[in-house]
Amino acid sequence: MLFNLLEIQFRYPLEGFPAELLLTANVTWNTLQHCYSLDNVRLPGNAGIPVMPPVQLKKKNDQWVHTDSESGTLLSESAGAAIDEAEADKVNCLNNDCPELGYYLEKAISADGADFGNIQLFNPSYRSLSIVTQRGFRRDFLAHFNVVTAGDRSACGDALRTGQPVVIPDVSQLQSYSRHWDVAARAGYRSVISTPVTTGKRFIGMLSTHSSQPHWQWNIREHQQIAADLGLCLEARLP
Numbered sequence: 112m113l114f115n116l117l118e119i120q121f122r123y124p125l126e127g128f129p130a131e132l133l134l135t136a137n138v139t140w141n142t143l144q145h146c147y148s149l150d151n152v153r154l155p156g157n158a159g160i161p162v163m164p165p166v167q168l169k170k171k172n173d174q175w176v177h178t179d180s181e182s183g184t185l186l187s188e189s190a191g192a193a194i195d196e197a198e199a200d201k202v203n204c205l206n207n208d209c210p211e212l213g214y215y216l217e218k219a220i221s222a223d224g225a226d227f228g229n230i231q232l233f234n235p236s237y238r239s240l241s242i243v244t245q246r247g248f249r250r251d252f253l254a255h256f257n258v259v260t261a262g263d264r265s266a267c268g269d270a271l272r273t274g275q276p277v278v279i280p281d282v283s284q285l286q287s288y289s290r291h292w293d294v295a296a297r298a299g300y301r302s303v304i305s306t307p308v309t310t311g312k313r314f315i316g317m318l319s320t321h322s323s324q325p326h327w328q329w330n331i332r333e334h335q336q337i338a339a340d341l342g343l344c345l346e347a348r349l350p
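Be aware that the sequence shown starts at 112, since it is given in the numbering used here, and climbs by one per residue.
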């Protein structure tokens with residue numbers, strides 16, 4: 112989850128009844144449990160009167176389920192769809208406000224003849240990265256890397272932890288990358304470079320490009336320059 116707080120409205124179908132409740136909830140990301148927390152679930156206009164306890168949801172195999180039971184319900188499906196829509200709306204607003212994101216991503220992909228790429232923004236509240244712009248990836252990759260922290264053994268996670276560019280010449284040969292092998296094989300990439308996007312002492316995000324073939328000669332300096340230009344572009348548009 113990229114944004115500190117989302118407010119969603121969703122329809123809660125009451126099982127066995129034709130009526131639906133329109134509910135409002137605040138959504139935050141639970142870093143420890145890697146799930147979405149729905150708090151203050153309420154009727155619209157009644158901010159101080161919750162109608163149910165907090166709910167914790169996550170995505171499992173592209174389905175919204177309850178964290179405790181690992182199963183889906185009408186509530187998880189309806190609220191999850193609202194979370195997807197709210198996040199997509201905010202990301203679209205950012206891309207519309209900053210069309211240069213696509214320009215810098217394409218420039219980075221072209222720098223080494225790569226095949227895929229993405230830009231992640233850093234959420235300082237949760238110290239995590241989330242993808243806001245990408246080229247060439249399908250939904251399973253985007254879901255797998257929806258939220259990345261410094262503890263995740265991936266190129267972008269390692270670059271977040273060290274603050275330095277990280278190159279993986281061949282992900283299939285790196286044991287620490289094993290939990291990502293399946294998604295890498297399905298996405299069709301073998302090599303990746305992740306470069307921190309910073310301005311001064313501020314960490315803004317990550318610029319990553321991926322090659323379908325093993326690649327040992329990434330142009331790190333050019334990626335750093337593109338990341339620096341991207342950082343200046345984004346700094347004025349972020350709070």
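Quick caveat, the hints were computed from the structure, so don't treat them as lab data.
Certain hints may be false.
DSS-like mimics (lysine-lysine), calculated; alpha carbons at most 27 Å apart, straight line [what the hints assert, rightly or not]:
(1) Lys218 with Lys312
(2) Lys312 with Lys169
(3) Lys171 with Lys218
(4) Lys201 with Lys218
(5) Lys218 with Lys169
(6) Lys201 with Lys170
Computed Cβ-Cβ distance ranges for the label pairs, DEER-style [claimed, not checked]:
(7) Gly213 with Arg249: 31 to 37 Å
(8) Gln174 with Tyr214: 32 to 38 Å
(9) Arg332 with Arg238: 25 to 31 Å
Keep in mind that this is a model prediction, so the values were computed, not measured.
Glycine included, each C-beta is placed from N, C-alpha and C at the ideal position.
Quick rundown of the hints versus the structure:
1. For the hint pairing lysine 218 with lysine 312, the CA-to-CA distance comes to about 24 Å; that is within 27 Å, so the pair holds.
2. For the suggested pair lysine 312 and lysine 169, the alpha carbons sit about 33 Å apart, so the restraint of at most 27 Å is broken.
3. A distance of roughly 34 Å separates the Cα atoms of lysine 171 and lysine 218; the hinted pair therefore is violated under the 27 Å criterion.
4. Restraint check for lysine 201 and lysine 218: the C-alpha separation of about 24 Å stays at or below 27 Å, so the hint holds.
5. Restraint check for lysine 218 and lysine 169: the C-alpha separation of about 34 Å exceeds 27 Å, so the hint is violated.
6. Simply put, lysine 201 and lysine 170 have alpha-carbon atoms about 19 Å apart, close enough for the 27 Å limit, and the pair holds.
7. In this structure, glycine 213 and arginine 249 break the distance hint of 31 to 37 Å, their C-beta atoms being roughly 18 Å apart.
8. A beta carbon spacing of about 35 Å between glutamine 174 and tyrosine 214 agrees with the range 32 to 38 Å that was offered as a hint.
9. For arginine 332 and arginine 238, the Cβ-Cβ distance of about 27 Å falls inside the hinted range of 25 to 31 Å, so the restraint holds.
In summary, the structure is inconsistent with hints 2, 3, 5 and 7 from the numbered list given earlier, while agreeing with the others.
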